[in-house]
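K.L.:
For reference, the chains in residue letters:
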Amino acid sequence: MTPTLPTFDPLLWEALPDLNLNIAQTAELCGISVRQLGYWTRQGYVMAQGKGTRRTYGLESVRRLLAIRKAMNSGLSLRQALRSVADLSPSSAPPIISLPITSPTAAKACAFSLSPSDAASLSKSLHAFFLANGRTRDHAGGLAIKLGRFEEDVQAAAEALCAAGILVSMPCAGMTVYRQAGEKNLG
Amino acid sequence: MAEQSFDKERPQDNSGTRGGADAFHRMPTGIEALDQLLDGGLPDGNSLLVQGAPGTGKTILGMQFLQAGIEQFDEPGMFVTFEEHPRRLYRDARALGWDFEAYERARQLLVVFTSPEAFLSELGSDNYGKLVREYGLRRVCVDSLTQFESYPSAMEQGRVRFERVINALRRDNLSVMMTRETESREAPFRVTPEEYLADTVIQLEYERMDETRDAQRVRTLEVMKNRGAAHSSSAHLFDIGVGGINLHRSSNL
Numbered sequence: 070m071t072p073t074l075p076t077f078d079p080l081l082w083e084a085l086p087d088l089n090l091n092i093a094q095t096a097e098l099c100g101i102s103v104r105q106l107g108y109w110t111r112q113g114y115v116m117a118q119g120k121g122t123r124r125t126y127g128l129e130s131v132r133r134l135l136a137i138r139k140a141m142n143s144g145l146s147l148r149q150a151l152r153s154v155a156d157l158s159p160s161s162a163p164p165i166i167s168l169p170i171t172s173p174t175a176a177k178a179c180a181f182s183l184s185p186s187d188a189a190s191l192s193k194s195l196h197a198f199f200l201a202n203g204r205t206r207d208h209a210g211g212l213a214i215k216l217g218r219f220e221e222d223v224q225a226a227a228e229a230l231c232a233a234g235i236l237v238s239m240p241c242a243g244m245t246v247y248r249q250a251g252e253k254n255l256g
Numbered sequence: 007m008a009e010q011s012f013d014k015e016r017p018q019d020n021s022g023t024r025g026g027a028d029a030f031h032r033m034p035t036g037i038e039a040l041d042q043l044l045d046g047g048l049p050d051g052n053s054l055l056v057q058g059a060p061g062t063g064k065t066i067l068g069m070q071f072l073q074a075g076i077e078q079f080d081e082p083g084m085f086v087t088f089e090e091h092p093r094r095l096y097r098d099a100r101a102l103g104w105d106f107e108a109y110e111r112a113r114q115l116l117v118v119f120t121s122p123e124a125f126l127s128e129l130g131s132d133n134y135g136k137l138v139r140e141y142g143l144r145r146v147c148v149d150s151l152t153q154f155e156s157y158p159s160a161m162e163q164g165r166v167r168f169e170r171v172i173n174a175l176r177r178d179n180l181s182v183m184m185t186r187e188t189e190s191r192e193a194p195f196r197v198t199p200e201e202y203l204a205d206t207v208i209q210l211e212y213e214r215m216d217e218t219r220d221a222q223r224v225r226t227l228e229v230m231k232n233r234g235a236a237h238s239s240s241a242h243l244f245d246i247g248v249g250g251i252n253l254h255r256s257s258n259l
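From first to last, the protein sequence lines are chains A and B. Remember, the working numbering sits 69 above the position in the first sequence when you count from 1. Remember, the working numbering sits 6 above the position in the second sequence when you count from 1.
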């Protein structure tokens with residue numbers, strides 16, 4: 070179950086001028102390793118603010134990384150990919166398309182572009198998720214990240230599963246944590 | 007013992023932990039070579055922070071900590087994972103020769119899949135205390151603290167949040183191991199709240215021997231801190247295979 074993002078609307082992308090991701094989030098979003106990103110940054114292939122693990126990456130850096138990755142996916146070497154994106158400017162940047170959601174951060178960053186979910190099919194997906202990961206205990210926000218869905222939709226689906234006796238909700242410290250009804254040991 | 011150092015900080019008051027802390031009482035991790043580096047094991051009640059860059063073996067060391075507890079000391083354990091799906095952990099454990107699903111069926115292990123926010127909330131409301139008592143849990147591995155940094159909206163900032171996690175788990179008399187991602191090389195020069203607060207800190211590295219592209223990569227483990235006790239002050243080579251981390255005790259760098 071690896072959902073795929075719809076074509077990224079460049080207009081929506083442009084609506085994120087204040088994007089400021091840490092190194093782990095940027096690596097996840099761009100589908101590269103933290104080590105690789107650190108190396109590319111030290112080599113000057115991509116710009117970052119700050120130093121070491123405090124580095125952050127803005128919209129242009131993320132856009133550039135995605136373009137490099139896309140070029141490399143099409144078979145270019147890193148050197149060739151860097152050459153191909155050398156004159157990358159905001160207006161000429163390719164739209165970001167169909168990136169598989171491989172991580173919570175990617176799902177979170179891109180959730181706004183997912184189409185609204187049908188509650189019934191989402192309930193089925195959520196149930197399948199709990200069956201596959203029996204000891205899951207999480208709030209709607211955490212589940213939404215793991216499923217790559219909107220938090221509001223997941224909340225509704227989780228409540229539906231509670232009403233059906235499949236999940237149990239546990240109010241705790243200002244949030245509601247969901248777990249499988251079969252996990253009988255918790256209050 | 008020429009290569010050993012002694013951290014001057016005295017062990018903090020661990021009232022409420024197993025039998026009260028004694029600076030010279032050790033809790034073996036069950037990973038023999040690591041116990042040797044720690045002069046016999048973790049001082050009782052010490053929290054262990056394992057940090058390193060991605061791919062250095064932090065999660066494997068965490069799994070091994072729980073596996074050793076189950077196999078050698080009959081100590082049930084809990085693995086708390088925020089990002090890695092349990093199925094992948096089972097698969098990775100199998101590759102190392104450990105059947106985590108069988109441990110779960112035997113009620114010796116719990117692999118809990120949650121998020122940092124839910125984990126903090128449930129810690130505060132003693133839901134995990136109930137789990138500890140029901141399963142008789144003695145060890146816990148939290149993988150990883152780095153995930154807390156992804157949640158700026160969580161209730162507290164860095165140091166307070168970390169302190170709350172440690173104290174909540176200690177309250178339940180658990181031996182605590184936590185992992186944390188750092189960038190290699192720079193990590194030892196930037197001290198973080200986690201490093202201040204953890205009692206024992208282990209740094210893992212996976213680096214080339216020199217700057218040349220064809221230089222061999224080596225894995226090293228170094229004890230950076232061991233509050234209240236002596237420890238090896240050298241980096242030691244290790245490899246990963248069936249059985250987990252195999253530390254070459256005599257191969258000092």
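FYI, nobody ran anything at the bench for these hints, they're computed from the structure. For each residue, glycine too, the CB sits at the ideal point set by N, CA and C. Treat the hints loosely; a few may be bogus.
[Said to hold, decoys possible] What follows is a list of derived Cβ distance ranges for each label pair: (1) B:Val166 to A:Thr245: 19 to 29 Å; (2) B:Gln78 to A:Arg148: 29 to 39 Å; (3) B:Gly142 to A:Arg111: 23 to 33 Å; (4) B:His31 to A:Arg111: 43 to 53 Å; (5) B:Pro34 to A:Gln149: 25 to 35 Å.
K.L.:
Would you list, in rising numerical order, the hints stated earlier that this structure does not obey?
P.N.:
Violated: hints 2, 3 and 5.
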